[in-house]
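Participant: Spelled out from the first residue to the last, the chains are:
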Amino acid sequence: MTEPDPFISAETRALVGASTPVGDPRLVDRNTIRQFADAIGSANPAFRDEAAARAAGFGGIAAPLSFPIYNVPNGIDRDFDLKLSVQRRVRGGDECEFLLPIQEGDTLTAQTTLTDVTHRKGGTGDLVISTFETRYTNQRGEVVMVSRATGVWR
Amino acid sequence: MSPATHVFGEFHVGQEIALGSRGPITTEMMAHWAAGSGDFNPIHYDKTEALRQGLPDVIIAGPMKFAMLLDCLTDWAGGQAFVKQARTRYLGMDTPGTVFTFTAKVVAVEPLAGGGRVMLDVTVTNQEGKVNTTGSATLELPA
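These protein sequence lines are chains A and B, in that order.
In case it helps, the working numbering puts the first sequence at residues 22 to 175.
In case it helps, the working numbering puts the second sequence at residues 80 to 222.
No lab work stands behind these hints, which were simulated from the structure alone.
Here a beta-carbon is modelled for each residue, glycine too, at the ideal position from N, C-alpha and C.
Among the hints, erroneous ones may be present.
[To be verified] With the C-beta cut set under 8 Å, the calculated list includes, among others, these residues of chain B facing chain A:
#1 THR106
#2 MET108
#3 PRO142
#4 MET147
#5 GLY158
[Stated by the list, open to error] If you want a taste of the chain B side facing chain A, the calculated C-beta under 10 Å gives, among others:
#6 PHE90
#7 ALA110
#8 PHE119
#9 PRO135
#10 MET143
#11 ASP150
#12 ASP154
#13 PHE161
#14 GLN164
#15 THR174
#16 LEU191
#17 GLY194
#18 SER215
In isolation and in its complexed conformation, chain A is listed as follows (with noise of 0.2 Å):
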């Protein structure tokens, strides 16, 4: 148990553990697939022909592994009201857990939650450490993929 930091208002600490409500669902279809795609230059065929996705044992054209933090309506920690005194916020990081293959024609919703506020002294001052877990679930209320991100404030 470590003292609570003063640069962390309680109101703020006691947000940690709160959720988004489940966002709108999304149906995956080819068009955004391709546009993710070509976004970051893949040639994997599995992403724009039905074929070579079947042959690689997908039931349609195959989303991209990290697809439900592109296109599906998701939280981020801005969405939960932090009240922090540094207002510049960066990503810091990114990381999934891939649990089911995505592709097109599911249907897909996020919850998004707070799981951590915490203070750091940087080499350029104060900084906040925020962190925030999306849960990603199809129609058949199979979760799929967990992502968990962080937000860096200065």
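On the provided structure of chain A, position chain B as indicated by the hints.
Facilitator: Okay, now just chain B, sitting in the frame of chain A:
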């Protein structure tokens, strides 16, 4: 299915792996990313606004770099492999024109029935030799 599937027995701790490269990243690619992701923070596509905020140019979104790492891992590992988990940390900013080279080092191997898990530390290097992103990944490979 990609024929270039790697198998678990090929890997040992300390081994270095070239995962591939992506880029040069164009503003058109960044526009595709902004449009599909709904991340309309102007620092990712509006150079005037990026410069006004003191940035050197528009900035490649972190999750876009994460997606390129995952794409390299998938291409490299082949169709019988599964990427189970991956992460990135963003240490610095990357701008249009960047070519990312993805390399990995095996940090652990764990045999399982029918194959095994390979844990990788990942380094993302730009064309100037600078590392603005690091990461890790766990893959399951067939025997």
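Participant: Does each hint hold? Answer for all of them.
Facilitator: Now the hints, each set against the structure:
| no. | hint | in the structure |
| --- | --- | --- |
| 1 | THR106 | violated, 11 Å |
| 2 | MET108 | holds, 5 Å |
| 3 | PRO142 | holds, 5 Å |
| 4 | MET147 | holds, 5 Å |
| 5 | GLY158 | holds, 5 Å |
| 6 | PHE90 | violated, 20 Å |
| 7 | ALA110 | holds, 8 Å |
| 8 | PHE119 | violated, 13 Å |
| 9 | PRO135 | violated, 14 Å |
| 10 | MET143 | holds, 6 Å |
| 11 | ASP150 | holds, 5 Å |
| 12 | ASP154 | holds, 6 Å |
| 13 | PHE161 | holds, 7 Å |
| 14 | GLN164 | holds, 5 Å |
| 15 | THR174 | violated, 14 Å |
| 16 | LEU191 | violated, 16 Å |
| 17 | GLY194 | violated, 16 Å |
| 18 | SER215 | holds, 9 Å |
Consistency note: the structure conflicts with the earlier hints numbered 1, 6, 8, 9, 15, 16 and 17.
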